[in-house]
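> Sequence:
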Amino acid sequence: MILTTYNIKGGTGKTSISIQLAKALNLTYISNDKEGGACEVFDDNKSFLVTEDEYTKIPLEKDCIYDLGGFRTNQNIYEIIKGSDFVIVPTLISRGDIKGTIKMLEELHNINQNILVVINKVKANYSKKNKFEKPQTLINYFQEELSNRGLEFDNLHFTTLRD
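Residue 249 is where the sequence shown starts when you use my numbering, and the numbers rise one by one after that.
Check before you lean on any hint, since a few could be wrong.
[What the hints assert, rightly or not] Within a straight-line C-alpha distance of at most 25 Å, the following computed BS3-like cross-link-like pairs (lysine-lysine) qualify: (1) K369 with K382; (2) K310 with K330; (3) K310 with K347; (4) K347 with K369; (5) K382 with K371; (6) K369 with K351; (7) K294 with K330.
It should be emphasised that the hints constitute simulated quantities derived from the structure, not laboratory data.
Small disclaimer: the values here were computed from a predicted structure and weren't measured.
Between the sequences and the hints, there should be enough to build the whole structure, so can you do that?
Here's what the structure looks like:
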């Protein structure tokens with residue numbers, strides 16, 4: 249199984265989700281984020297840092313999860329995404345995160361359509377300040393925006409993680 253956690257927006261929870269999945273599913277953790285990667289929480293043989301300084305091409309390995317940082321590199325990120333069984337796209341409920349996630353889904357549409365959008369840090373109680381605090385409202389918004397852009401996915405799912 250090859251999973252990739254990806255969003256160009258930083259701070260969405262890519263690393264936390266990647267670490268938990270790597271440990272739960274016994275996957276090797278691979279990160280290209282020398283600033284925010286978490287390789288040190290794993291045994292030496294279960295995590296690898298593949299920064300652009302050392303790797304122009306990230307190897308595609310089986311039984312691993314790729315935690316691709318919230319930045320652009322010249323590495324072969326799209327090849328990794330294309331070769332992944334599933335792409336996990338974490339997002340938050342702020343307007344900037346939502347806008348960035350829609351842009352990410354547009355980008356991913358032609359690369360890999362097996363996507364799980366994780367709405368991260370969802371609160372147990374919702375306020376009226378931000379209509380997107382209610383997960384189903386946000387999911388409906390994502391689906392409507394994608395439909396308006398003519399983007400249909402074969403295998404697009406949504407889930408939430410509580411704060």
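> If a hint holds in the structure, say so; if it doesn't, say that too.
Status of the hints after comparison with the structure:
no. : hint           : result
1   : K369 with K382 : 12 Å, holds
2   : K310 with K330 : 13 Å, holds
3   : K310 with K347 : 32 Å, violated
4   : K347 with K369 : 17 Å, holds
5   : K382 with K371 : 8 Å, holds
6   : K369 with K351 : 20 Å, holds
7   : K294 with K330 : 22 Å, holds
Of the numbered hints listed earlier, the single one contradicted by the structure is hint 3.
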